[in-house]
Amino acid sequence: MSKVEEEGEALVDLGRSVVERALAAGADVAEAGAHSGSHLSVKVRMGEPELVEEAGSRALGLRVMLGQRVASTYTSDLSEPGQRMLIEDAIELARLSESDEFAGAPDPAELSSQSQWADLDTFDEALSQISADEALERALCGERAAFDFDPRITNSEGASFTRARGVSALVTSGGFAGSECGTYASVVVNPVADDEGGKKRSGYHWSASRHYEDLEDSRAVGEEAARRTIAQLGAKKLPTQELPVIFDKDAARSILGLFAGCVLGGAIWRKSSYLVDRVGSSVASDLVDIVDDPLLPRAPGSRAFDGEGLLSRRNVVVAGGVLKTYLMDTYSARKLALKSTGSASRSPAGGVSPSTSNLILRPGSQSRDELVANTKHGFYVTGMMGFGFNGVTGDFSRGASGFLVQDGKLAAPVSEVTISLNLDQLLRRIDAVADDLDQRTAIASPTFRVSSMTLAGS
Amino acid sequence: MKARYHAPFAERGTNAVDADIANRLLKIALDKGGDYADLFFEYSVSGSYAYDEQILKSARRAVSMGLGVRVMKGDATGYAYCEDFSFDAMKQAAETAAQIAAGGQPVAPLGVSMRGGPSRYPVSIESLDVDGEAKKAILERADRAARASDPRVVRVDASFAESVREILIANSLGQLAHDRQPLIRFGIHVIAEDGGNRQSGSSGGGGRMGLEYFDDKTPEWHAEQAVQQALLMLDAREAPAGEMDVVLAPGDSGILLHEAVGHGLEADFNRKKTSNYSERIGEEVASPLCTVVDDASLRGSRGSINVDDEGQLPTRSVLIEHGVLRGYMQDRHSADFFGTTPNGHGRRQSFRSHPMPRMTNTMLLGGQDSPEDIIRSVRHGVYAKKFGGGQVDISNGNFVFSLTEGYLIEDGRVTAPLKGVNLIGNGPEAMRNVVMLGHDFEVSDGIWTCGKEGQSVPVGVGCPTIKIASMTVGGTQVAGG
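Which chain is which? The protein sequence lines are L and W, in order.
Heads up: the first sequence at position 97 corresponds to 97 in our numbering, and the numbers run straight through without jumps.
Heads up: the second sequence at position 99 corresponds to 99 in our numbering, and the numbers run straight through without jumps.
The shape of chain W in the complex, shown without the other chains (with noise of 0.2 Å):
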């Protein structure tokens, strides 16, 4: 089946892009003398479907196409982009992203050719080429299923996301790659009253899949999930102040390894000594429990890449290993910098943006110890079953993040609901302080995006129940207050 929507760059496109337009645009970007040049052609198209009390309120759709051009110099980048392909709106990005190099001997480029693999997205059709009633009939059965759950939810809104991102990137190694990386993502929220006390709960996710995604994860299945986390809202308690043990949930806890250590483990950040991960390769970063590895080849997550966006074909990176660290994230500038191979990470947000080195799916793997037993050795503390986002200090390693629902954790059970919860903490030192890991690692479908010097890219993240000795936790009960 031909797809409706298909890049005019791509070939038997309105304005395909061979070898030939290729090397000639890169041979007009390295005119002036630069080190390396690449051309970033996107043609990206995104649809959405609100449905909101009980109609389907509004539908979206956004075409959005161009080339980035990136020279480089040195540690010095010059970047430019255009919006549409004819030569001469090409030539000039071309020209302008040149200056920033100025001098210097021209570089002849080489050939190029096409680089590729098997591709991690497992799409029959992709969700765009299906009709907008199949997507209306999901958010239907969402809506439905939540109100007839509870007498209590007084609003529903859920909603449909879809993409499909296609690329071709050729840059002056003589590399050339196209990939084409469809995703969806569907939501849904509640609002649940009782008396004069309202709560919201939700529930979502996604990936970069088909309809088939709602074959395993149905749209009942998340409006219940959203109803029940309103419901048990509506019946949370004040969440405690101060330092105690927390037990983290499989799956959506991953977004702590995500922001605890992922993002100091990003190479610009260590290029430029700016991580708290800075020169410590090989040295112990983390409890002998932790292996964290991000990983771009997982079947249909919302982070997984065929290609990156320099055209390198990324795999999967050890980060750390035992507790030791073994190495960064890298894309082409921070691996000329530190002599070796790109591997896979850099990634921008559109064609108007130069890559930086990026997380894909990001991951704790499962060690032994049962969930049960887990919780059952926590006195007092906090059960962290799901976040809402997380926000860290690569300085210093310093984070934050807040649950959208937790509980409390009794002499060995899980008891009470939370409201308000925050964990905050630092992350070589919670990473120290992992004391136990469970045998149940999962992989979250849900909708993470990371956001980086204002370019965000979705990614994936995935754990097993951890246990952390000691965090702070930002309630708003002072314990003998």
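So here's chain L without its partners, still in its complex pose (with noise of 0.2 Å):
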């Protein structure tokens, strides 16, 4: 057995401790989440090192179940009174939490087992022996490359290099016990630049992955970070005006972070979504595919059982435009009086609630270059800021930067304007999807295009 193998083992017998535990100080159900991890963090800035961070934890989560009433407790006490203390925190909870008709436990025949589960490849043994010299080393070069790229790059944010392993132990009293491990690394480069009128520019870029060797080199980093913050330079509003919207890929997975929010069977049941109602209707343009996959190798989200104990699987939430499902667990199935999507998700604190996985929305054929070509005007997003996004409605409006596009090129630079059009209505208006996908992040988009939005500027 491998060491990281006898550390998830280690962590089931705790876990399997605290349920017989909280069984025992009388509640009905039990489900303990244990979890270990380590990580080394490192910054530099301006050629030297500003930081070097390097500790190790583990946390003890607990939910419990007098009944029907539910309470959760969280501690990172794993002494023999910190753990006293989470058993009779949770039952004292429970008792005054009050019946909840629909909480329960997941179906015990629905639970998966060891010889089901996937092997996602989610972890590198060789990524805990990076030193922190050679974890300065990767910083600085990139740091370095943003520098050397353009003499305009006069100032900077700094570099950094991390990489995080976490072990975690789910046991549950209707028989689940299972771990699973992960390994993830990060090179992030933020050169700063002057501009006109005392303004600075400030751009970044980054790379992870869930092994060393498919991290993108520091260097390319570090200049692609500084193409981005050039181009930024001269940066200025656009008149108000109504036109056709480019979102790349930063910005295209922005905008299906928030749809993800609004297709979580917690959203709907509480009909804080506006996509209440809408499974098996048109919810964005035929050319839109979005699946929920946790199954894919190496990715940042997969897993391959769910947070309740339930084999992880592949949804198709939207295919051709049309709403196949929402994503959900245990508890917003039984509200919606569906089944689960095996979409739970345990937080460390022990409260469980949907979420997704690795949410992809497919790519297309065309490669962004063409996308970009084929628009006569409009503007190009990079980056957006703010929360103007309310779910409940699908109201959209967000401060957004980028670049003009004319004639099929990416022109001037443009900032402090918002961009508005409500979501269901953005989706719609998708007319063209790019073959741009990658997998840095467990939500991830193409480049994509939505024909016409509002523009708000001088």
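Quick caveat, the hints were computed from the structure, so don't treat them as lab data.
Any given hint could turn out to be false.
Pairwise CB distance ranges (calculated) [claimed, not checked]:
#, chain 1, residue 1, chain 2, residue 2, range
1, W, Met114, L, Gly47, 21 to 31 Å
2, L, Asp121, W, Ile281, 46 to 56 Å
3, W, Thr14, L, Glu134, 57 to 67 Å
Just a sample of chain W residues kept apart from chain L, beta carbon distances all over 10 Å, derived [stated by the list, open to error]:
#, residue
4, Met65
5, Ala76
6, Arg141
7, Leu211
8, Arg316
9, Glu321
10, Ile447
11, Thr472
Glycine included, each C-beta is placed from N, C-alpha and C at the ideal position.
Assembling the complex is the task here: the two chains are given apart, and the hints tell you how they should meet.
As structure tokens, then:
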């Protein structure tokens, strides 16, 4: 058994002991999550080390039910008194809670077991070997590349490198016991250039992966960060108008993230989503296919089983623009008289709610450059700011920066404008999807174009 | 009354930390030649109660504790933490943090002495020590009031959260400081439906106080605010798009100050010269009407603290005085750089994070104008009443805010409610465009949480009625289009 497997076993044993003690203390249902992790994070700035941080941590989360009264507790204090308090507090709080007819553990028949779990290749032992010196060198190399790329890069918010590993176990009184592990590495470069009028332009680029070998070269990350920073120099407002808007893949991912929040079962039964009662109807243009796929190897949101122990499955959420399903855990499925889609996520603090895993808007066939070339006049968005979204109505309005598109080419940089359109309309107006999907993030989209939106500027 | 939850490292705790233990750890931390070291012991307990569909649907509690060790050598920081207070674990954290300063001469730490002042938290009984039934009753009252107020209310959920954070800081300058920071917050969210139209409304507040908060702001009052907001939104019209005058309501609008100028005045960005306020002390950076302060000493406010997370005693920092930039918010690192003393802005999310310059309660002080005159002076504009949140790009001061409640101003009168309003602009430009300031200064009791480099801390804001000439309003309705 490898070291990480032993760590998983030890966490399962810890979880099992907490579950047994909670049952002995009077709980009818007990579910314990145990976690351990460690990370190394370094930051450099102007060619010098700025921060070296290294630590390990452990935690326990517990959810109990007394009948259908629910409570959850969390502690980072794994001492005997700490564990006792975790269990006593959970029982006390469950007594305070009121009976919820929909609460309950999943049917034991639905629980998965080890033989069913896919190997998702999310753990890279090599990552844990990276020393602080090596990490500093990777960050320094990224920052140096940004400075070398263009003399207009005159300052830096720094560059950082992080590696992390985590092992989690889940044990439930319904009979589930399992553990999973993962690693993660990232490099971020954040250069600054001087702009007119004493303003500065800060840009960044990053790479992240489960395996060290998949991490983009720091030099390439630094150069791209510099390219993005320089491109924004001299950005101006545009006049207020209606025009086609292209969301680059970073901005597009952010739009998909808003949709993600509205398709979760919790938002549906709470009626706090504009997608209530919309399964089977058109919610996007027919160019749009969206899947939630927890089974992608080496992907950031992959999981072999969900937060309640159900087997993970690939869910088609939108096909040809038609909404096929919400993403549900056991509770939200019961509220909606449907079946769980294996989408439960358990927070370290013990709470369970539905979540996306790897939510992906499927790529189209044209390249990003072709998509831009096919746009006579428009706004190409590379960054968005602010929180202007109302999930209940779908109303969307956010600050945006990017470039004017003129005759199929990226032209003058643009900032300090807002773009607005109801999300329902926005997704229906998608009239082109590019093929530039990448797998850096758990919510991922290629570049797409919306035929018309309101831009507010000067 | 003895609190139920108390830190193991406190006096008479199971792992009491005294000057001797602190000194031994500081000595290990500086053993590789660091210039400065500090120890940050933290014990925090939080609880939350969710009232939904007319029942207390879930209750939660969390305990988190540990020690963060920081070692500084020049501009470099070594940081490590551990989650138990056994000497071995703490020693290992100190040794890990010490690595940043390989080589050099060991420095002998000084003796440590406790510092402190009068408490800014008016708490008779900490909320965590009050029976859960009392909190359930508060949530029930809010739920009942919201449902009773209008038949169009189709959903209500209310929540209450409480926490206490006990900290002990010891540093190699011989300073020792302790604080116990209580915090509560209440929130209610409603959905109203009329025909096919569904809209939400919310209200909430809290601070560093106990349940006496509700003597002043009752659960029923918050319920009424939330319901009125949702009902107003049922009738709201699409917001205009383009540049126009904007009037900001007192209190909550202070969030605009927080984003538009506050962040740019945090000393780390100025040390690195990445803020657009860098090297501008003494210059006019705002309309002469504007005086901006950051004040940690407000009684019971969410952003108030007795000591900061580096053991300094914060007071009131004047940032901008009559439009002239006076100073930055400093932590130890930046204060060393600027050759000044830290002024109590070193804050961190938890023992898992190193401190940075942060805001506490950021406020634009009141002016001379009557709020009525301010509104009367606007022909066509927007009245911003409640804010959802905002974001700023420090490097150039560009910001965006979302309104959760806003109105059209037509010919000097507040008229139709608007939906989907964003305000976008540039911090320094907006501050220069402040043309009128009300005499109605107010501190918001809203639940503001500030995020920076992944670390969240509770903050407070405050301001009077403010008129800003010409700001970009990001709606959907293009004028004349």
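Okay, the hints, checked on the actual structure:
no. : hint                             : result
1   : Met114/W to Gly47/L: 21 to 31 Å  : violated (40 Å)
2   : Asp121/L to Ile281/W: 46 to 56 Å : holds (54 Å)
3   : Thr14/W to Glu134/L: 57 to 67 Å  : violated (39 Å)
4   : Met65                            : violated (6 Å)
5   : Ala76                            : violated (5 Å)
6   : Arg141                           : holds (15 Å)
7   : Leu211                           : holds (16 Å)
8   : Arg316                           : holds (28 Å)
9   : Glu321                           : holds (21 Å)
10  : Ile447                           : holds (14 Å)
11  : Thr472                           : violated (6 Å)
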